[in-house]
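J.: What follows is each chain in one-letter form.
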Amino acid sequence: MTNSTTTKIVSPQSVKDEWFRPKQKEQGRAESVVRPSLSYWKDAWRRLRKNKLAMVGLAFLIFLLFMAIFGPILSPYSVTGTDYPNQNKAPSLAHWFGTDEAGRDVFTRTWYGARISLFVGVMAALIDFFIGIIYGGFSGYKGGRTDAIMMRVIEVLYGLPHLLVVILLMVVMGPSLTTIIVALTVTGWVGMARIVRGQVLQIKNYEFVTASKSFGAKTSRIIGKNLLPNTMGPIIVQMTLTVPGAIFAEAFLSFLGLGVAAPFASWGVMTNDALPVILSGHWWRLFFPAFFISLTMFAFNVLGDGLQDALDPKLRR
Amino acid sequence: MAKYIIKRFLMMIATILIIATLTFALMHTIPGSPFDDERTSNPTIQANLEKFYKLDEPMHIQYLYYLKSIVTFDFGPSIKKPNESVNELLARGFPISFELGMVTILVALLSGVTLGTFAALRHNGIIDYTAMTFAVVGISVPNFVLATLLIQQIAVNLEWLPPATWSSPLHMILPTLALATGPTAIIARLTRSSMLEVLTQDYIKMARAKGLSPVRIVVRHALRNALMPVVTIMGTMLAGILTGTFVIERIFAIPGMGKYFVESINNRDYPVIMGSTVFYSAFLVFMLFLVDIVYGFLDPRIKLHRKEGDA
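Sequence order for the protein chains is H and C.
Residue 164 in our numbering sits at position 164 of the first sequence; the count goes up by one each step and never skips.
Residue 102 in our numbering sits at position 102 of the second sequence; the count goes up by one each step and never skips.
Derived from the structure by calculation, the hints contain no laboratory data.
Glycine residues also receive a C-beta, built at the ideal position from the N, C-alpha and C atoms.
Treat the hints with caution; some may be incorrect.
What the hints assert, rightly or not - Here are the in silico distance ranges between beta carbons for each label pair:
{"hint": "1", "chain 1": "H", "residue 1": "S214", "chain 2": "C", "residue 2": "I127", "range": "54 to 64 Å"}
{"hint": "2", "chain 1": "H", "residue 1": "Y40", "chain 2": "C", "residue 2": "N266", "range": "49 to 59 Å"}
{"hint": "3", "chain 1": "H", "residue 1": "T219", "chain 2": "C", "residue 2": "R224", "range": "57 to 67 Å"}
To be verified - If you want a taste of the chain H side facing chain C, the calculated C-beta under 8 Å gives, among others:
{"hint": "4", "residue": "I62"}
{"hint": "5", "residue": "H162"}
{"hint": "6", "residue": "I167"}
{"hint": "7", "residue": "L169"}
{"hint": "8", "residue": "F248"}
{"hint": "9", "residue": "M297"}
{"hint": "10", "residue": "F298"}
Chain H on its own, in the form it takes in the complex:
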C-alpha cells in the first residue's frame, strides 16, 4: 500500500476513515514485558520439555524408580526364594518374566536389580559431586600455585586406568555394594573436579564476585553462594552422565563375579547367570536384564544430552 502511494500525491479528503481502526487493548501494555520473565531453571525446563527423546528418558526413569521401590514389594515372590518345581519356566501369568534355574522369579529379580543399579549410580554420582565440588571449587578459586599442584594431582589420577583400579580395590575390599561405590568414586570424582574448576575459573572474575568480596564475604561464602549456584548447569549434566557409567561399572564387575553375590540379584549377575543357559533357549533369562540395563543407560544418556542442551544453550550442538 505505502509503496504504491509514495509517487502520487494524496489529498487529505481521499483518505477514508475506514482505513483506520483504533488498535485494541494491547496498546496500553506495548512497552511492558509481555512474556512472563523466566528464571534460569524455568527456561531450562521449557527447553528440556521440547526435547521429546529426553522426556521419554525421564518418563522411563520415573517408571523405573517406581518399580524399583514397589516392584519387589508388589510381587508375591521373594528375590532369593527358590522354588525348584517351577524352575526355568517361560514367562507366564504366574511369572511375568519367567523363572531361573532355581525357580526364582525373574520379574522380582529384575526390579531388585533396578534398585541396586539406581542406588549404585545415584550414590556414585552424589559422592563424586561432593568431592568434586570441594576439590574443584577450592582449586579453581584459590588459583596460582595451589591450583597448579592440585591440578598435577588430578592429571596423574586421570591417567590411571579406571576399571583396573576398581578391580584391584574390589579384590582387596571384598565384593559388596559399599565396595563398588567406594571403588567407583575413588577414581570417579576427578572428572567432576575438573569441570567444577573450569567453571569456577571462568566465573570468579565476574563483577558480582568482586562486589561480594569487597563487602568482606568469606571464601566459603563466595564459593557456596556466588560460584557454585552459577556452575550448577554443567555439574548436573556431568552427574546425569556419571550415573550410566556407574551402572555400567557395577554390571561389568558383577558380570566378572566381583560385584553383588549370588542369591541376590543385580543386572550384571543376572546377565552372567544367563550366559551358560543360552544354548538351552531360555531367552527370558538374558532378555530382561539385558533389556532393562540397556534401556536405563539409554534413558540416562538421552536425559543427560537433553539437559546439556537445555542448561547450556551456548554449547548447543
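On the provided structure of chain H, position chain C as indicated by the hints.
T.: Frame of chain H, contents of chain C only:
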C-alpha cells in the same frame, strides 16, 4: 615442544610409580596369604615357599625388590603355576589381547569417523538420524550384554559365525563387533559434532569458492580439523577397550590377558596380579603419552593452552 614432551614423560613415570605403589600396597593389605588354601600345612614348607617368593622379608625390602622387578621387567614366577613365570604368561596372553584391542580400535575408528562424517554432511537428514540413533543405542548397550546377545542370535540361533575362541578371522568377527560398537558410537558422535562446527568455518567456504570437489574438501580440509577431538579421547578410549577385553575374552573363551588376570585375582596370585596390573597400566599410560604428543604435533595451539595452566 621438547619441554612439553619431557614434562609429559615425567608425568608418565609418576603415574606408573603411583600405580605400582598402589598395587603393592593393596596386594599386601589383603587378609590371608596365597598359600592359605594349599595342602602344605607343614610350617617348614610354608616358610621355604615364603622365602622363595621373598614374602618373609620386611615390607620395604619387598617393595624395593618389586620396583627392581618392574625396572628390569622380570616379574618372577607365578605362585599358582610355579613352573611358569609372569613374563611367560604376559608373552602368551598379551599379544592376543593386543590383537583384539587393535582390531577393535581400527574398526571403531574407521566406521565411527565414516558414520559421523556422513551424518554431518547430511545434517538433519535420514542418514543423520539413523546414525545418531545407532550411536545412542551403541553407547547404551553394555559390551558384555551385546556379546551375549550376539552369541545367542548370530552364533547359536542362526549359526552364521562361530560362537567362541580366537583361531581364525571368522572367529574374530563377533568379539570385535561386541567390543567395537560402543567406541564406534562415541567416535561417530564426536566426529559429527566437530564436523558440523568445522563445516561452517570460513576456510571451508574458501575451499568451496576455489571450486574444489566436495570429496576433497571433506577429506583434505574438513576432516583434519574435525578429527582433533577424536584424537583427544583416543587414550581413554583405548583404556576402556583394553579393560573391555577382560570381559569379552571371558565370554568368547579367548585365551588373552584378561583370562589370566581374572584367574590371578581369584587365586590371589600376587606376582601375576602385580605384574599384569603394572604392565597394563604402563602400556595404557604410555598410550596416553603418545596420544598427547601426537596431539601436540597436530595442534600447535596446545602449548599455549598448557602455559595458561588450564589442562
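J.: Range hint 54 to 64 Å: satisfied by the CB atoms of H:S214 and C:I127?
T.: 56 Å, holds
J.: Is the interface hint for H:F248 satisfied, with its Cβ closer than 8 Å to some Cβ of chain C?
T.: 5 Å, holds
J.: Against chain C, is H:F298 within 8 Å by beta-carbon distance?
T.: 4 Å, holds
J.: Grab the minimum C-beta distance from H:L169 to chain C and call the hint holds if it beats 8 Å, violated otherwise.
T.: 7 Å, holds
J.: Classify the hint on H:H162 as holds or violated, based on whether any CB of chain C lies nearer than 8 Å to its CB.
T.: 7 Å, holds
J.: Given the hint of 57 to 67 Å, check if H:T219 and C:R224 actually sit that far apart at their C-beta atoms.
T.: Since H:T219 and C:R224 have Cβ atoms about 45 Å apart, the given range 57 to 67 Å is violated.
J.: Taking the beta carbons of H:Y40 and C:N266, is their distance inside 49 to 59 Å?
T.: 51 Å, holds
J.: Hint H:M297 vs chain C: min CB-CB distance below 8 Å?
T.: OK, holds: H:M297 within 8 Å of chain C, min 4 Å.
J.: Is the hint on H:I62 kept, meaning its closest Cβ partner in chain C is under 8 Å away?
T.: 18 Å, violated
J.: For the hint on H:I167, just tell me whether its beta-carbon gets within less than 8 Å of chain C.
T.: 7 Å, holds
In summary, the structure is inconsistent with hints 3 and 4 from the numbered list given earlier, while agreeing with the others.
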